[in-house]
Amino acid sequence: MLKAEDYLVGETAWCPGCGNFSIRNALASALSELELSPHEVLICSGIGQAAKTPHYIRANGFNGLHGRALPPALGSRAANKNLKVIVASGDGDSYGEGGNHFIHNIRRNPNLAHLIHNNQVYGLTKGQASPTSEQGMITGVQVNGVAAPALNPLAMGLVLGAGFVARCFSGEKEHLKETIKAAINFEGYALVDILQPCVSFNKVNTWGWYKQRVYFPEIKDPQDWPAAMEMSRQWGEKIPLGIFYNHPRPIFESSLPALEGEPLASRPFDPASMSRVQDEFL
Amino acid sequence: MLKAEDYLVGETAWCPGCGNFSIRNALASALSELELSPHEVLICSGIGQAAKTPHYIRANGFNGLHGRALPPALGSRAANKNLKVIVASGDGDSYGEGGNHFIHNIRRNPNLAHLIHNNQVYGLTKGQASPTSEQGMITGVQVNGVAAPALNPLAMGLVLGAGFVARCFSGEKEHLKETIKAAINFEGYALVDILQPCVSFNKVNTWGWYKQRVYFPEIKDPQDWPAAMEMSRQWGEKIPLGIFYNHPRPIFESSLPALEGEPLASRPFDPASMSRVQDEFL
Amino acid sequence: MEVNILVGGAAGQGMDTVMNLLGKALTREGYGLIYTKDYMSRVRGGHNFSRLRIAAGKPWSNVETFDILVALNEETYYLHHDNLAPSGRVIYDPRLFDLPDDETRGVSVELENLAEEAGGKVMANTVAVGALLVLIGLPGTAVEELLKETFADKEGVAEENILALKAGMDAASRFCSSCFPLPSKSEGGKKLFIDGNQVLGMAALASGCRFLSAYPMTPSTGVMNYLAGKMKDYPIVVEQAEDEIAAVNMALGASYTGARSLTCTSGGGFSLMVEGLSLAGMTETPLVIILAMRPGPATGLPTRTEQGDLEFAIHGGHGEFPRAVLAATSHEDAFYRLNKAFELADRYQIPVLFLSDQNFADTHRTVEQYDFSRLNYNRCLAEEGQYEEPYKRYRFTESGVSPRALPGQFADQVVLVDSDEHDENGNIIEGAQARRLMVDKRMRKLTALAEEMDEPDLYGDPHPDTLLIGWGSTYGVLREAVDALSASGAKTAMLHFSDIWPLPRKRLNSLLPEVKLSCCVENNVTGQLASIIRRETGHLINRSILKYDGRPLLAHEIIAEVEKNAES
Amino acid sequence: MEVNILVGGAAGQGMDTVMNLLGKALTREGYGLIYTKDYMSRVRGGHNFSRLRIAAGKPWSNVETFDILVALNEETYYLHHDNLAPSGRVIYDPRLFDLPDDETRGVSVELENLAEEAGGKVMANTVAVGALLVLIGLPGTAVEELLKETFADKEGVAEENILALKAGMDAASRFCSSCFPLPSKSEGGKKLFIDGNQVLGMAALASGCRFLSAYPMTPSTGVMNYLAGKMKDYPIVVEQAEDEIAAVNMALGASYTGARSLTCTSGGGFSLMVEGLSLAGMTETPLVIILAMRPGPATGLPTRTEQGDLEFAIHGGHGEFPRAVLAATSHEDAFYRLNKAFELADRYQIPVLFLSDQNFADTHRTVEQYDFSRLNYNRCLAEEGQYEEPYKRYRFTESGVSPRALPGQFADQVVLVDSDEHDENGNIIEGAQARRLMVDKRMRKLTALAEEMDEPDLYGDPHPDTLLIGWGSTYGVLREAVDALSASGAKTAMLHFSDIWPLPRKRLNSLLPEVKLSCCVENNVTGQLASIIRRETGHLINRSILKYDGRPLLAHEIIAEVEKNAES
Ligand SMILES: Cc1ncc(C[n+]2csc(CCOP(=O)(O)OP(=O)(O)O)c2C)c(N)n1
Ligand SMILES: Cc1ncc(C[n+]2csc(CCOP(=O)(O)OP(=O)(O)O)c2C)c(N)n1
Ligand code: SF4
Ligand code: SF4
Ligand SMILES: [Mg+2]
Ligand SMILES: [Mg+2]
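Protein chains in written order, with the numbering used here: chain A, 1 to 282; chain B, 1 to 282; chain C, 1 to 568; chain D, 1 to 568.
Pulled out of the complex, with its shape left as it was, chain A reads as follows (with noise of 0.2 Å):
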């Protein structure tokens, strides 16, 4: 068995007391308790500060365009359902740029983990809004603020059918961890929305403002979908974190007869084989 440290290869670009770092701890470790081999293990991003992950985990890697995470993990998942995918990749990356794959990646319950290091803000492009900046937010470009609402990707989740619901605060390592081990575990889409301080770009939510806001509530029933909502709405005073829902139903994969038996990639094909395909033009 791997150890966490194991996990952990190259050298981060990331600023010193950037969330990125717990996120990527923990998702070692969730690995190395899952005792997954990194060849087992298929870790897709787009582009962005959160998307150089793949670089920083010993695994499988896929670093895709900015926005364009999911497309290339259903893929992935079509051709070796033997592979544990996961996506992880930045709040602009997967609520912005990819917001349409996020929609319907969600409908088809593709059995992968998708983690968003979700800083509330573009990292990488230095400190313009993104979808869940909060309204108000002075930036560059947002100069008179943030004018729209701040997505909120857990209750877009819901509305669409996620099984699983979850959000993390990078600062909350344990609790991190274990629901990364419960999202790779899960049989469908896991959504985990991490909140992340980006010490260079967000003055406003900072690992403070988050450590003084986030709590743990009861949730006593994880298949009770209204309070899911109400629990993924909440956000201002008072933030929760947790597994809001956990519910799973069928997958993308189980409606494919294709993949029952060997995963695609692996199985011999000898063209010749096939000619009676041509039989129904005759």
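Everything labelled a hint here was simulated from the structure, so no lab data went into it.
For every residue, glycine included, the Cβ atom is placed at its ideal position computed from N, Cα and C.
Dumping the calculated PhoX-like pairs for lysine-lysine here, alpha-carbon to alpha-carbon at most 20 Å:
(1) LYS238(A) to LYS220(A)
(2) LYS126(B) to LYS37(C)
(3) LYS238(A) to LYS211(A)
(4) LYS154(C) to LYS203(B)
(5) LYS37(D) to LYS126(A)
To list a few chain C residues with every Cβ distance to chain A over 12 Å, as calculated:
(6) ASP82
(7) GLU117
(8) SER186
(9) GLU398
(10) GLU451
(11) ASP483
(12) LEU511
(13) LEU512
(14) LYS564
Guided by the hints, dock chains B, C and D with the ligands onto chain A, whose structure is given.
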């Protein structure tokens, strides 16, 4: 004052019996009753059967790209705030290809009415599933039946902060017309999802199917969000119609200092008068 | 001797049914034919029509004039009667409309009434088929067989249709029978009756394509329909994406993890895919994209044909990376060509664009059965022991092609691909030297790739005075034009490209200096191939014949243009 | 006589502050300079550096060797000391690291300590500026002035910074003072100190651009930042779009309804915009797109430079439609050139691509003040009485340009634009003839448009033996290369394109046959301009100097390559 018929132009390319006709008529009547002249109105659409609407209503029209009805509508609100902007397009257009614009324009809250001709199918491309197709519906592409649950546009609208959320049925013409009028008059983004039979490709959600199910619930408080959420989630044996939520909030345009005064489009300008802007670089 | 038929009516009136029945029956009877569609971007109403040409050997293209007009509505008669041969015939339903008094070619068949008598109005098309059979002197047996196969599961339906068919035959035989004698049958056993999209779908399936993600878009949707239809019985996943961006990125994910992957679209969707194309180039992920062209810009003419996206296919996507562009020329070739596209994608770990267009996609022809043993499935993956440990996805090699492993293929080895510039391992780099090395590595692939390109097909006089140059779906019509021009004594040949990029130049360089007139024939307004030839070889093509009205080129148009030129 | 300075350190250490202060102060004092940035795609750490060159007249490009190195960390010293002149100096903080014993060029200044003493560590950069001032013999007054302006709202901060500045001056003066004498001042009054993105942003604002929708993407974001900063005081809306697709479509909506509209992006974002580009072509909606290039494919090197998207700019987007492609060559020209882009977009109702790159975008230079009266704002709209009723958006005209009205402009007239092929009114059509007419109408614009293109700038010997050809941001470096080559006696000239498409050909056609050596110099790996020249004129460019490591070309590299060629 123009009569409803005066707004009808062009030879429609829709199938006889299509629900689009009623929507077109309701829109024409609404414009007439609101005493809006054709040149004061702009209809934006994408591509699809519904998206042909700008050709069939006498008004300004921007018949753009598939999925991209909302962005030009937003741009047009910035350039000319005097125009009454209506987006009239399909479910595939608005919730499929255009999903990301749907999300983020709800958040922006521009002053426009978004009418979705929701036939729960891709009409123009001959019958593939749309995001709102019923789970299990069989098509030429979804040969094993639609696997994902249908997207619920109203619930999405609600969690994203839409201030006006309504469901109509093309077969309930008076209600449809009145709702369109209310949507056009609403100060902000108004979402009107209109159930519309597609006689050629949707053999599940037919006129009769809808007719049997739709009803008008009593809406006690159109500002009761949880109640609106509950109504918008009702689907199946009973499908409620009505303006489930009506709760204005500051509009996109109000956050823009440039929009005070004359519309941007009509302000005169002389570049030579601008030379002071270079002073900051001296 | 040949017979040409045009069936026209409103969308939804079922021209397809008529043509499919008749085409398949004729194919089974051993005739060579081509069937093309002209249809509007709507579901009901408007005016659509289809042409069927039955000719000796195998006809390569359709012609403008015809012998039999099936006018399913009055408009059809007025729109088309000018091109009906003087000796031709019009099948029409006298209950729907009357022909003008001076029209002597009418074959009035009460299509709807007879259908209703047979069991239902919907069978009016079957009645029309019956009438057609009589006019061309084909016995009903083949069609009856087909009806039985088609409606095998639906009790009584085949029988009713056979009644309708016979009613049509009876009705028409009162006017004329076998008045349009069929040409000689084609040789060489049973043929396929198949359209271009089906050819490509079948080729993909038989090439071991395991994953198609696409978003519906005319005229590419047929490929998706074909493959979706195979999901129940074959190891393939077809996923309708939420948009074309998702489509191309899903396909890249599936390819990266090991499935031969495909996406298909038309111009507008391709526009949305070019960022993913660029990603394929950067990550060196094999991918085949079928780009079925239609007239642009923007939505353009959704159901029409054009060859307007060639330069876009070559230059689309930001940054510089190797790619191949191949095209569907004929039903005969495209089957093997698409297999080649998959092979090239895997061998060079590059994206391969496969250009089709509405003209190719929607055209049915009779073709020889395909030889599936000519297809390949070489994934070119690193085998155990064929890579150095630790595995590095982008290891530098002389050819520029790195040993490719799949995620999970080797215990303890991981595969990292990256959209940023990267080192051999796939990790982000920023250094100037590292960048240069990686660009050079990718670009080195072009040397061997260029060698793989087939020279354009040379057909006609080996030392021509006039050289017609084309690419893609104009193959057939150019061939017929060359035949006709040659028959009238002009030394004519054609050079036709199926592999377009990297542009094969040998034949161009040897032929162009020799010919008196070089002429690019293209279905676009700017003459894109001619520009590319000049760019790559310096040769200025003398003349271009360009058609950009959304309709396919016809042989007589090309011939007239060439002859006009010869005169001047 | 010139002075070259390199400041290096980790991202976040504030090289920008040093350079901006110094650069602006020098500009105010009347010196000509250029300041370029080399930075990584990260926010903290790594290694970034900036170069500042102060030279007589106005320097056009930077050079590799320098006189003063400000090493904000140890790594910087080791990475760069090789290129420090033997007589050079290294400013460093001895509390952070030591120089090697044999390094005699050290100017040790306790940057952080002195800053802390003055009021805070953050002012370490101000201390460094002080040290620099001493070395180049510039009095502190100009910087002090600047500090006062910058911190006008923040009580006490300016004073503290002035203390820090003086501490730096004192510390450095112990080593050497005025040991790098400054060149002569440039002539002609007060100059601007401005970077490329600011030039474009200001040009847009002063061209009456009223709407910018964009999605942040390096190196284009500076344009967005500039214009967003003006939202409070000028009639302009800047909207951050949810993605680049939204950005381009929003801009089209705003343009259609009457605002001069702009979007800006880099290659990946442009890939996502090309469908919208095609829509602009089809709907004939004026639009300017600034494409700030960076190395691709895919994410590539986000903060580096490349000229890799020229052919993509010309051919991107499906279907065929007229467009213009212009480029930023120098700060002097780009200001007026972008105005021309807006004018062309309005005059021809077409999309205009304006190519910039990281090298241009991030480079500050001192330039003459712009003459705003040279800018135009001609919207080319139909005035009352200048259109036929009913108004038809796509009325056929000889020029191909239809009278353009805005929605709501005329009572009872409506304006319909359509992504499908359409008739004069804007309504969907499908007919062959109607299609042909509308394609011809659009394409007719090209005739006049081509006439608008400026011939490439010819600089150097009017009858050169060697002709260097370039485009875009290489203007300055080519100019310096030509000067140097000419000075050494070689008959050299450059032909430099700012208007690229439709390609102006007169000068090419007259010069290329005369020169002994033609050489395209490009920041890409495939030599795109050379290909385009061959495509359009048939001329084969003899040689290409290509750099594709993400760094801008340097004059000495070009000179060496040209001389190597001259020898062989
Ligand atoms: C198509 C495209 N558009 C824009 C960019 C530029 N870009 C890179 S990362 C980023 C935002 C990142 O924000 P987020 O996803 O929240 O990640 P963070 O850096 O905050 O972790 C943007 C806009 C890009 N790479 N590609
Ligand atoms: C980029 C792009 N992709 C695909 C298409 C093809 N297309 C046209 S309409 C349509 C679906 C229309 O469905 P919907 O929006 O529900 O409209 P309906 O026809 O049902 O009214 C599609 C996929 C296109 N025109 N452009
Ligand atoms: S910019 Fe913000 S998110 Fe990015 S590494 Fe720095 S602290 Fe983290
Ligand atoms: S296909 Fe369906 S939606 Fe389209 S016009 Fe016909 S009935 Fe209406
Ligand atoms: Mg972020
Ligand atoms: Mg629909």
